[in-house]
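Undergrad: Residues in the sequence shown are numbered consecutively from 1, following the working numbering.
In case anyone wonders, no lab produced these hints; they're calculated from the structure. Don't take each hint at face value.
Stated by the list, open to error - What follows is a set of in silico ranges between Cβ atoms, one per label pair, in the way DEER data are often shown:
id, residue 1, residue 2, range
1, Gly10, Gly39, 15 to 25 Å
2, Gly39, Met18, 21 to 31 Å
3, Ile40, Met18, 34 to 44 Å
4, Asn8, Gln35, 30 to 40 Å
5, Ile40, Met20, 14 to 24 Å
6, Asn8, Gly39, 20 to 30 Å
7, Phe36, Gly16, 19 to 29 Å
8, Ile40, Ala19, 18 to 28 Å
Ideal Cβ placement from N, Cα and C applies to all residues, glycine included.
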Amino acid sequence: MFLFIVMNSGAERFNGLMAMLGVVAGIGAYATTGQFIPGIF
1 MFLFIVMNSG AERFNGLMAM LGVVAGIGAY ATTGQFIPGI F
C-alpha cells in the first residue's frame, strides 16, 4: 500500500485511478453475479 505524506498532483491522480478501478470492479461484480456486493446483497 502506498502512503502519501503530501497531497500533490501525483497523489490525486493515484486516488482517481483507484476510484475508477473500484467502480469498474463493482460494475463487473454486478454484471457477473447480479448482486451489488456478492454474498451480502
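Undergrad: Looking at the structure, which of the earlier hints fail to hold?
TA: Hints 1, 3, 6 are the ones this structure does not satisfy, whereas the remaining hints hold.
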